[in-house]
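Trainee: The residues making up each chain are set out below.
There are 2 protein chains.
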Amino acid sequence: MILLLGASGYVGAAFQRYFTARSLTWRGLDINELDCTNLNALTAFLQREHPTFLINCAGYTGGANIEACETHKADCLLGNAVLPGVIREACQRIGLPWGHVSTGCIYNGARPDGSGFREDDPPNFTFRQNNCSFYSGSKALGEEVLAGAADCFIWRLRIPFNEQNNPRNYLAKLMRYDKLVDVRNSISQLDEFVRACCECWEQRVPFGTYNVTNPGSITTREVAALMHKTGACTKQFQFFQSESEFLQKATKTPRANCVLDSGKLLATGIRLTEIHEAVETALRNWKV
Amino acid sequence: MILLLGASGYVGAAFQRYFTARSLTWRGLDINELDCTNLNALTAFLQREHPTFLINCAGYTGGANIEACETHKADCLLGNAVLPGVIREACQRIGLPWGHVSTGCIYNGARPDGSGFREDDPPNFTFRQNNCSFYSGSKALGEEVLAGAADCFIWRLRIPFNEQNNPRNYLAKLMRYDKLVDVRNSISQLDEFVRACCECWEQRVPFGTYNVTNPGSITTREVAALMHKTGACTKQFQFFQSESEFLQKATKTPRANCVLDSGKLLATGIRLTEIHEAVETALRNWKV
Chain A
5 MILLLGASGY VGAAFQRYFT ARSLTWRGLD INELDCTNLN ALTAFLQREH PTFLINCAGY
65 TGGANIEACE THKADCLLGN AVLPGVIREA CQRIGLPWGH VSTGCIYNGA RPDGSGFRED
125 DPPNFTFRQN NCSFYSGSKA LGEEVLAGAA DCFIWRLRIP FNEQNNPRNY LAKLMRYDKL
185 VDVRNSISQL DEFVRACCEC WEQRVPFGTY NVTNPGSITT REVAALMHKT GACTKQFQFF
245 QSESEFLQKA TKTPRANCVL DSGKLLATGI RLTEIHEAVE TALRNWKV
Chain B
5 MILLLGASGY VGAAFQRYFT ARSLTWRGLD INELDCTNLN ALTAFLQREH PTFLINCAGY
65 TGGANIEACE THKADCLLGN AVLPGVIREA CQRIGLPWGH VSTGCIYNGA RPDGSGFRED
125 DPPNFTFRQN NCSFYSGSKA LGEEVLAGAA DCFIWRLRIP FNEQNNPRNY LAKLMRYDKL
185 VDVRNSISQL DEFVRACCEC WEQRVPFGTY NVTNPGSITT REVAALMHKT GACTKQFQFF
245 QSESEFLQKA TKTPRANCVL DSGKLLATGI RLTEIHEAVE TALRNWKV
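From first to last, the protein sequence lines stand for chains A and B.
Sequential numbering from 5 applies to the first sequence in our numbering.
Sequential numbering from 5 applies to the second sequence in our numbering.
Treat each hint with caution, since some may be false.
[Unchecked claim] Restricting the straight-line Cα-Cα distance to at most 25 Å, the calculated cross-link-like pairs of lysine to aspartate or glutamate (DMTMM-like) are: (1) K256/B to E93/A; (2) K256/B to D124/A; (3) K256/A to E93/B; (4) K291/A to E167/A; (5) K256/A to E284/B; (6) K256/A to E74/A; (7) K256/A to E148/B; (8) K256/B to E74/A; (9) K256/A to E247/B; (10) K183/A to E93/A; (11) K268/B to D34/B.
No wet-lab data here; the hints were simulated from the structure.
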């Protein structure tokens, strides 16, 4: 049995769909059912239920956007930095392998040569650079808390999307705005992300950190062009002149924009669709 | 009734002595009695017990020294950054004034002119400078979590000491070592710290942040000289040639050394003994 923490969230629901489609045995565990930050309670639960694998996609995102993390700092730290540490300790106590849904939003930009950040590049959009949102800072602390964890996957998701209209879907978010900022990002098709994570476990690839983003990177203008090309959205978007104009005029909270290298994951044999193709497919199948 | 969170700790015990000596009505609340990081549980407890004031001296220090914080990061974040946020929220819900024991160890050095940091100087030994111990980082996040809190004191303690031999007592720590590092610090006589905190509430001084350190600063060599002068310790200490030699040879975890300005507190009329006098008095009354 696979135990799914955070089953009711946007990412958790995608794991649920994956398990159901493949008739896998799983159960969800919600924060209302058990205080997962209580080490003894969580350990006892795991000993009673004896899952074979645990997936943590619980975390604090602030809901529709990350601004709420700036005003709910304790919740944010609890969900994103403390909870992974408690799960690590509980899993270690009983020898349970597990995977943690982290984020690529702990990086900004790209390597000096324009290539994507690899897993062994230290995050550069964290409290330690003093340049980040509270969300990114808390998620980076979560990865620090997990440093050296045995039998643990750290899967970095980035700006999830698929063909399902949802307030958390990157494509749906863009469609809601009139004015966009043109930035380059590596992003994750949500259902491919979930499949890749599960394949990490099913195929027993080495534990560790993986950038689980679709190969390549895509700009906001390219996404907008694909919206028009596919007819999923015909809005004539305006664009901010620059990222700094966007940061000055449209938001108080700095956003990470980054290119990630998913070569480590691909080298295990797990495949993800090239990013432009994945975005175009989602838009062709767009469900309103 | 004053509610004391973390009553069983080193600082909590000093508050207990203060309350007992003055026949004040108080009760302790320990983490084993109630999960204080559970907002609903804490709020219900406060509504049932209706204290008139709450003091939080619970926190994660790693015990005898802060190295343990480097390996217990989740505990450290939970105790030092999340817990204050939960207490803030619970107190806000029911309109309960309260005070939080923070630390001066979120600063390093002194102002450019050699004077002490004031409360409105931003901390400079935090995750955001990427120069700190995990302990200091977590305590600085705790202060971020409390930014703008209503009806809340933030009392900054620094390297507590008094005349009671105890593994947590700064003077006792120094006596245990053969080789010391000569650094300048503002530090807190523990019982004066506790009295000053309680007087903040008793005298209804304005809520906010206060450096609760004894006026002035003192070097390790000066403390050693006072040990010899008073006869409390006759050991001939060796000294590291420099702070950087100490950091290279004796510890893996960076330590904050800093001068703080306690003028804001003194301006309220609350008095603390000049630091050399306070250290000498503790050493004259030293209890083995």
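Trainee: CA of K183/A to CA of E93/A, is that 25 Å or under?
Mentor: violated (45 Å)
Trainee: Do the alpha carbons of K256/A and E284/B lie within 25 Å of each other, as the hint requires?
Mentor: At roughly 51 Å apart (the allowed maximum being 25 Å), E284/B and K256/A break the hint.
Trainee: With the threshold set at 25 Å, check whether the alpha-carbon distance from K256/A to E148/B stays at or below it.
Mentor: Judged against 25 Å, a Cα distance of about 17 Å means the pair holds.
Trainee: Mind checking the alpha carbons of K268/B and D34/B for me, to see if they're no more than 25 Å apart?
Mentor: Violated - the C-alpha atoms of D34/B and K268/B are around 32 Å apart, more than 25 Å.
Trainee: Mind checking the alpha carbons of K256/B and E74/A for me, to see if they're no more than 25 Å apart?
Mentor: Since the Cα atoms of K256/B and E74/A sit roughly 32 Å apart, the hinted pair is violated (cutoff 25 Å).
Trainee: Does the structure keep K291/A and E167/A at a Cα separation of 25 Å or less?
Mentor: holds (6 Å)
Trainee: Is the hinted pair K256/A and E93/B satisfied, with a Cα-Cα distance of at most 25 Å?
Mentor: Since the Cα atoms of K256/A and E93/B sit roughly 23 Å apart, the hinted pair holds (cutoff 25 Å).
Trainee: Within 25 Å, alpha carbon to alpha carbon, are K256/B and E93/A?
Mentor: Measuring from Cα to Cα gives roughly 23 Å; hence the hint holds.
Trainee: Need the status of pair K256/A, E74/A: alpha-carbon distance at most 25 Å?
Mentor: holds (10 Å)
Trainee: Given the hint that K256/B pairs with D124/A, does the C-alpha gap stay at or below 25 Å?
Mentor: With Cα atoms ~22 Å apart, K256/B and D124/A stay inside 25 Å; holds.
Trainee: Keeping to a limit of 25 Å between CA atoms, is the pair of K256/A and E247/B held or broken?
Mentor: violated (40 Å)
Hints 5, 8, 9, 10, 11 from the list above are not met by this structure, while the remaining hints are.
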